[in-house]
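Listed below, chain by chain, are the residues.
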Amino acid sequence: MKILVVDDETDIQTLFEQRFRKEIRDKEIEFAFAFSGEDALAYLDGHAHEAVLILSDINMPGMSGLELLDQIKHRYLKPPPVVMMITAYGDAENFNLAKQLGADDFLTKPVDFNLLKEKLKNIH
Amino acid sequence: MFLEYILAIIIIRYLRTVLQKEGLLQKWDRLLVAGMVVSVGLLITVAVISQSKIIGDFLINALLLYIVYLTSSVPDFRAAKTMGNAVLPYIIVSLCDELTMLISSSFYNAWSNYFTAASFFAVIWMVAMWMISRKQRKSLEQAQLKVLEKEKQYAVTESLKSELEVQVAERTAALTQQKEELQETLNELKSTQTQLIQSEKMASLGELTAGIAHEIQNPLNFVNNFSEVNTELIAEMKEALNKGDIEEAKLLAEDITANEQKINHHGKRADAIVKGMLQHSRSSGGQKEPTDINALADEYLRLAYHGLRAKDKSFNATMKTDFDESIGKINVIPQDMGRVILNLITNAFYVVAEKKKPLTPEGKLNPFFKDYLPTVTVSTRKAGDNVLISVRDNGNGIPPAVLEKIFQPFFTTKPTGQGTGLGLSMSYDIVTKGHAGELKVETKENQGTTFTVVLPGK
Chain D
1 MKILVVDDET DIQTLFEQRF RKEIRDKEIE FAFAFSGEDA LAYLDGHAHE
51 AVLILSDINM PGMSGLELLD QIKHRYLKPP PVVMMITAYG DAENFNLAKQ
101 LGADDFLTKP VDFNLLKEKL KNIH
Chain E
1 MFLEYILAII IIRYLRTVLQ KEGLLQKWDR LLVAGMVVSV GLLITVAVIS
51 QSKIIGDFLI NALLLYIVYL TSSVPDFRAA KTMGNAVLPY IIVSLCDELT
101 MLISSSFYNA WSNYFTAASF FAVIWMVAMW MISRKQRKSL EQAQLKVLEK
151 EKQYAVTESL KSELEVQVAE RTAALTQQKE ELQETLNELK STQTQLIQSE
201 KMASLGELTA GIAHEIQNPL NFVNNFSEVN TELIAEMKEA LNKGDIEEAK
251 LLAEDITANE QKINHHGKRA DAIVKGMLQH SRSSGGQKEP TDINALADEY
301 LRLAYHGLRA KDKSFNATMK TDFDESIGKI NVIPQDMGRV ILNLITNAFY
351 VVAEKKKPLT PEGKLNPFFK DYLPTVTVST RKAGDNVLIS VRDNGNGIPP
401 AVLEKIFQPF FTTKPTGQGT GLGLSMSYDI VTKGHAGELK VETKENQGTT
451 FTVVLPGK
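Chains as they are written, first to last, in the working numbering: chain D, 1 to 124; chain E, 1 to 458.
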């Protein structure tokens, strides 16, 4: 299972690699990282259909997570990848917008990794 | 000759007029009327019976002498003294005339020329004295009139003066009242100004809040998660040690240390954000301290961006930074300079966001809508001793009519309720008054605007 994580914070890579160290070691999950919406789209262009799940932050400079979501849902129709948005706590407006744009699930910051792992199991 | 009789009548009449003028007539009137009756009686008698002339002449001369005596000795008749002196020689000459004629008619006839000459001179004396006294009296009267006139003028001046004093007092009172009213108004304006400045700070703080919320969640995310990871890693390390796998335990320890550093880094980051927020809302009066301008500009650029993004979901702009790392630390009041940078950046974002809207504020189609890439660039540069902080946008530029007013307090192009109109005027004051610097603006129509803060080096 391949997951693309999109966030403008570069430390997110270290964090994910550590939190999923067992899963990565056991080759259960493979991660790719993009640090902007534009990067994410470029990655998807080069690795079509590889990523099963996209995890994206909403607040990013340049292309926002919502725009990225919109692009993904319109450009990659078959099969549409699962997109999980990371929203700020209590930001109902972004939550609703993301839902309208076709987001499959949501996480709030700070990210609860146990919850995330539960959700990943369900996707399997 | 009846000259003495007529003279007596004239003198008595004159005395009555004089006494009347001085208010003393009552006291002497009976005597004077009696004298008048006697004089007129004698005149008629002498005119009718020519033999009585000698006695009449004596009597009338005696009466005249008596009158002259009165004028010279009685104070009430002081005013007629000159007149007495005038007629006295004539009376004496007349008396001598008559006495001589009575004693020796032949002697009189022999010396008659001399007697005639003497009475002629006496008459001349009388006339001359009368004329002199008349003249003196007239000039005296004139002098008195002048004095009276002056007194009148003085009285008029006095009344004018008191009138003016009343007016001056009234005006002074009115002015004092006006001054107090103005002072009160000034105080009100001052307190209003303070309130407005505070509300401007609060407004920009509101713009920041969303940015701050976002900015603080990122470091918190790392702090929470890295510490949880470390708990797991420590458990794994214990397991490895129990197994005797020292190599694995050492690798895990290295990861734990790296994560601790990340926790520390992001904790400090959250701390700095909160401190920045507190500094921003704090009233000024801060001290100048060596400040990393690049870090300050970067921090506010991010806060402003996220703040705007939180308000307007469709907002999007490219942030560019071009920092000169050689500028070192500059002596500024951090919260004040931060406020200036934030204000310039917020304005720049507002301008590019407006240009990106599909419709212009006038409701026309925006010609730039499709191909326009909103970009805000923050740069620092060293120029001689000065340090320049520039905020550049690629918006529509500022029209010349607006450009003149941008630093005026309360001037804003934003819709009512969206801008206080104090941002740039406060920034201008902070840069010029607080830091002895300059705030420059360059603008090109449809190409954008650059605001540059010029800070003098030490």
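Take the hints with a grain of salt, since some may be wrong.
Under the rule of at most 27 Å between Cα atoms (straight-line distance), these lysine-lysine pairs were calculated in the BS3-like manner [what the hints assert, rightly or not]:
(1) E:K320 to E:K440
(2) D:K73 to E:K357
(3) D:K27 to E:K250
Derived from the structure by calculation, the hints contain no laboratory data.
Structure-based check of each hint:
In summary, the hint linking K320 of chain E to K440 of chain E is supported, as the alpha carbons are separated by about 20 Å, within the 27 Å threshold. The straight-line distance between the Cα atoms of K73 of chain D and K357 of chain E is roughly 24 Å, inside the 27 Å bound, and the hint therefore holds. Distance hint between K27 of chain D and K250 of chain E is fulfilled; the C-alpha atoms sit about 23 Å from each other, no more than 27 Å.
Hint check: no violations occur; every hint is consistent with the structure.
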